[in-house]
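**Q** Keeping their order, the protein sequence lines are chains A and B.
190 is the number of the first residue of the first sequence in our numbering; add one for each residue after it.
15 is the number of the first residue of the second sequence in our numbering; add one for each residue after it.
Calculated from the structure, these hints are not laboratory results.
We treat Cβ as the ideally placed atom computed from N, Cα and C, and that holds for glycine.
Treat the hints with caution; some may be incorrect.
[To be verified] Label pairs and their calculated CB-CB ranges:
id, chain 1, residue 1, chain 2, residue 2, range
1, B, P71, A, M190, 49 to 55 Å
2, B, E187, A, K208, 16 to 22 Å
3, B, Y229, A, P198, 18 to 24 Å
4, A, T239, B, H43, 36 to 42 Å
5, B, K270, A, N457, 44 to 50 Å
[Said to hold, decoys possible] Now the stretches of chain A that chain B is said to cover, found in silico as 3 or more residues with beta-carbon under 8 Å:
id, segment
6, 294 to 304
7, 415 to 425
8, 445 to 453
[As the list claims (entries may be wrong)] Think about it this way: if two alpha-carbon atoms lie no more than 16 Å apart in a straight line, the pair counts; the simulated EDC-like pairs of lysine to aspartate or glutamate are:
id, chain 1, residue 1, chain 2, residue 2
9, B, K269, A, E273
10, A, K414, B, D157
11, A, K412, B, E123
12, A, K412, B, E271
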Amino acid sequence: MTTQILNLPRTQLVREATKTQVKGHSIYHEQSLSAEDYVMLMKRFGECETPGQFMNPKKNPEIFIVTAKKDKHGKKLGMFGEGELGWHSNGNSRHNVEHILIGLYCVEEDVNTALSICNTTRPFMDLTEEQQNYYRGVTIKLKFKNNTIYKLKEGDPELEFMEASKGSIRKLVGKHPVTGQEYFYFPYHFIEKAWHRMACAGGQKKPIDVNPMIKELKQHIFKSKYQTHHVFHKGDLLLMDQFTSLHRRTPVYDNNRLLWRVACDYRNII
Amino acid sequence: MTLQILNYSDKEITQLVSEIVKNGSAVLHDQDLTQREFVDACKRMGVCDSWDYFMNPPDNPEISIVSGELDENGNSIGMFTDQELEWHANGAGRHDFKEICVSLYCVEECIDTTLSICNQCDMFAELSKEEQDYYRSIDVHLDATGVRVWPKDSNYKGSGEGDFGVSADFYKETIDRRPLVGKHPVDGREYLYFLIQYIKKAYIGNEEINIDEFYADLWPKMFRSKYMFHHVFRKGDILFMDQLHTIHRRSPVKKKERQLWRTAFDYSNTKFT
Numbered sequence: 190m191t192t193q194i195l196n197l198p199r200t201q202l203v204r205e206a207t208k209t210q211v212k213g214h215s216i217y218h219e220q221s222l223s224a225e226d227y228v229m230l231m232k233r234f235g236e237c238e239t240p241g242q243f244m245n246p247k248k249n250p251e252i253f254i255v256t257a258k259k260d261k262h263g264k265k266l267g268m269f270g271e272g273e274l275g276w277h278s279n280g281n282s283r284h285n286v287e288h289i290l291i292g293l294y295c296v297e298e299d300v301n302t303a304l305s306i307c308n309t310t311r312p313f314m315d316l317t318e319e320q321q322n323y324y325r326g327v328t329i330k331l332k333f334k335n336n337t338i339y340k341l342k343e344g345d346p347e348l349e350f351m352e353a354s355k356g357s358i359r360k361l362v363g364k365h366p367v368t369g370q371e372y373f374y375f376p377y378h379f380i381e382k383a384w385h386r387m388a389c390a391g392g393q394k395k396p397i398d399v400n401p402m403i404k405e406l407k408q409h410i411f412k413s414k415y416q417t418h419h420v421f422h423k424g425d426l427l428l429m430d431q432f433t434s435l436h437r438r439t440p441v442y443d444n445n446r447l448l449w450r451v452a453c454d455y456r457n458i459i
Numbered sequence: 015m016t017l018q019i020l021n022y023s024d025k026e027i028t029q030l031v032s033e034i035v036k037n038g039s040a041v042l043h044d045q046d047l048t049q050r051e052f053v054d055a056c057k058r059m060g061v062c063d064s065w066d067y068f069m070n071p072p073d074n075p076e077i078s079i080v081s082g083e084l085d086e087n088g089n090s091i092g093m094f095t096d097q098e099l100e101w102h103a104n105g106a107g108r109h110d111f112k113e114i115c116v117s118l119y120c121v122e123e124c125i126d127t128t129l130s131i132c133n134q135c136d137m138f139a140e141l142s143k144e145e146q147d148y149y150r151s152i153d154v155h156l157d158a159t160g161v162r163v164w165p166k167d168s169n170y171k172g173s174g175e176g177d178f179g180v181s182a183d184f185y186k187e188t189i190d191r192r193p194l195v196g197k198h199p200v201d202g203r204e205y206l207y208f209l210i211q212y213i214k215k216a217y218i219g220n221e222e223i224n225i226d227e228f229y230a231d232l233w234p235k236m237f238r239s240k241y242m243f244h245h246v247f248r249k250g251d252i253l254f255m256d257q258l259h260t261i262h263r264r265s266p267v268k269k270k271e272r273q274l275w276r277t278a279f280d281y282s283n284t285k286f287t
């Protein structure tokens with residue numbers, strides 16, 4: 190019997206959280222979790238998001254249903270549909286991103302759909318000190334734009350949910366609140382504007398043309414060597430730190446694919 | 015600058031082969047190779063297969079083009095086009111073959127296409143001793159006739175793959191069975207050779223066992239997430255896969271221009287110490 194993460198003692202769970210924060214993700218196979226078990230597990234890490242949207246079951250509002258399946262009236266049962274999803278992480282256009290641990294638990298698999306995860310710490314570490322200093326001085330403005338990471342139709346409740354966030358302004362290079370590791374915060378589909386604050390010019394702010402910056406950083410960050418890929422099988426649990434990783438998804442070929450997603454912080458495990 | 019395989023020392027080539035055999039696969043990133051250089055790199059490990067099918071460039075017949083792209087006449091420039099491919103391995107259908115390493119070099123990427131690799135050696139190692147002994151007692155008969163690695167409900171008719179020599183006669187095979195559990199010629203570890211579709215009959219001694227029950231028993235034991243590794247090719251990636259320790263599948267190709275160069279070779283030029 191594969192070790193069940195639900196049964197791990199606190200000390201081991203702390204180690205798993207640290208591993209996830211540093212590496213960007215952790216995978217656990219053959220987990221046998223009910224919705225209640227899963228929520229209980231994620232609450233051992235921290236407080237969970239419960240926005241009360243159409244994809245949150247009333248009984249377990251911490252869970253976000255991720256599926257392309259629709260009910261008999263054609264109504265969406267979950268979020269993210271069946272199309273390809275561009276690089277993103279949780280809460281990209283929110284002012285404060287607190288729920289930086291995402292859990293994805295596979296209930297129904299599609300062996301042709303993969304989730305790619307890109308570590309965001311290693312690309313920063315691999316830069317020269319001069320490059321690191323330059324990017325540390327960059328501030329970005331983020332806002333969700335439809336038809337970028339995915340396409341949503343007018344009237345889709347998911348579009349309403351995504352567009353509700355007002356956007357945020359934050360540093361391109363962040364320091365992880367637990368590990369202190371520096372990472373690129375680069376959900377580029379959301380980046381609208383950027384500035385560079387020059388220490389040598391008395392902290393003067395200079396606007397940056399975002400497109401060349403995005404082009405250059407895409408080539409550097411999304412290198413094959415920084416990426417891991419996962420095809421969910423029933424019982425797989427993937428944990429991803431939303432600061433030290435970004436993720437994307439290939440198209441879904443079997444609309445019965447069903448994942449349970451939970452977003453939480455680390456307040457109960459630190 | 016990432017170390018280029020062309021500049022590897024003999025020791026580094028041996029280390030790479032050891033990694034392929036140990037893990038079932040190995041990936042090198044950011045490689046920059048012409049067709050000839052790719053073949054030369056593979057030949058440092060062993061002798062490459064060479065053919066003159068439609069997907070083999072005449073100047074570098076060791077390479078098989080894998081692509082969904084069509085030429086101006088609507089003919090495929092490579093094998094397998096854009097179909098999902100079921101679990102398979104090189105040499106499937108043969109009871110004995112030498113080219114136990116396959117390499118794939120990415121020339122044009124499709125970030126929505128995934129290659130999944132399942133480790134048959136790890137699977138066998140985790141079985142109970144009783145199960146291992148049981149599977150060691152089984153011989154299998156392989157036959158590629160009629161096998162299609164793309165899904166059964168697919169409309170794909172093949173783009174010349176049907177002309178490939180696959181029969182026992184073609185390969186002048188003198189045996190018609192092999193053990194289900196093999197011992198790898200390099201590291202001596204045992205692997206369970208579960209070549210789905212290609213295994214047509216299974217025997218314990220001279221007694222044939224029910225093939226449907228054989229498949230139903232092994233399928234859930236083999237294709238478990240924990241034995242799998244997944245790769246999305248980016249331009250410049252080379253993936254090496256040991257064809258005894260692993261079996262692989264591919265998701266459908268979204269971008270038809272995706273192109274990989276494939277070689278198959280043995281390890282005869284690797285200097286094991």
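**Q** Tell me if the beta carbons of A/T239 and B/H43 are separated by a distance inside 36 to 42 Å.
**A** Holds - the Cβ-Cβ distance for A/T239 and B/H43, about 41 Å, lies within 36 to 42 Å.
**Q** Range hint 49 to 55 Å: satisfied by the CB atoms of B/P71 and A/M190?
**A** holds, 51 Å
**Q** Checking C-beta pairs, does the segment 415 to 425 of chain A have three or more residues closer than 8 Å to chain B?
**A** It holds: at least three residues are needed, and the segment 415 to 425 of chain A offers 8 whose Cβ sits within less than 8 Å of chain B.
**Q** Check the following: the C-beta atoms of B/K270 and A/N457 are separated by a distance inside 44 to 50 Å.
**A** holds, 49 Å
**Q** Verify the proposed pairing of B/K269 with A/E273, using a straight-line Cα cut of 16 Å.
**A** holds, 13 Å
**Q** Need the status of pair A/K414, B/D157: alpha-carbon distance at most 16 Å?
**A** The given pair, whose Cα atoms are some 38 Å apart, is violated under the 16 Å limit.
**Q** Within a Cα-Cα threshold of 16 Å, do A/K412 and B/E271 meet the stated pairing?
**A** Violated. A/K412 to B/E271 sits at ~20 Å, over the 16 Å cutoff.
**Q** Please verify the coverage claim for the segment 445 to 453 of chain A: does it have three or more residues whose C-beta sits within 8 Å of some C-beta in chain B?
**A** With 0 residues close enough to chain B, the hint is violated.
**Q** For the pair we were handed, A/K412 and B/E123, check the Cα-Cα distance against 16 Å.
**A** holds, 12 Å
**Q** With a cut-off of 8 Å between beta carbons, are at least three residues of the segment 294 to 304 of chain A near chain B?
**A** With 4 residues in contact (Cβ-Cβ under 8 Å with chain B), the coverage given for the segment 294 to 304 of chain A holds.
**Q** Take a look at whether the Cβ-Cβ distance between B/Y229 and A/P198 falls inside 18 to 24 Å.
**A** About 40 Å separates the Cβ atoms of B/Y229 and A/P198, which means 18 to 24 Å is violated.
**Q** Holds or violated: 16 to 22 Å for the Cβ distance of B/E187 and A/K208?
**A** Violated - the Cβ-Cβ distance for B/E187 and A/K208, about 49 Å, lies outside 16 to 22 Å.
The earlier numbered hints that this structure contradicts are 2, 3, 8, 10 and 12.
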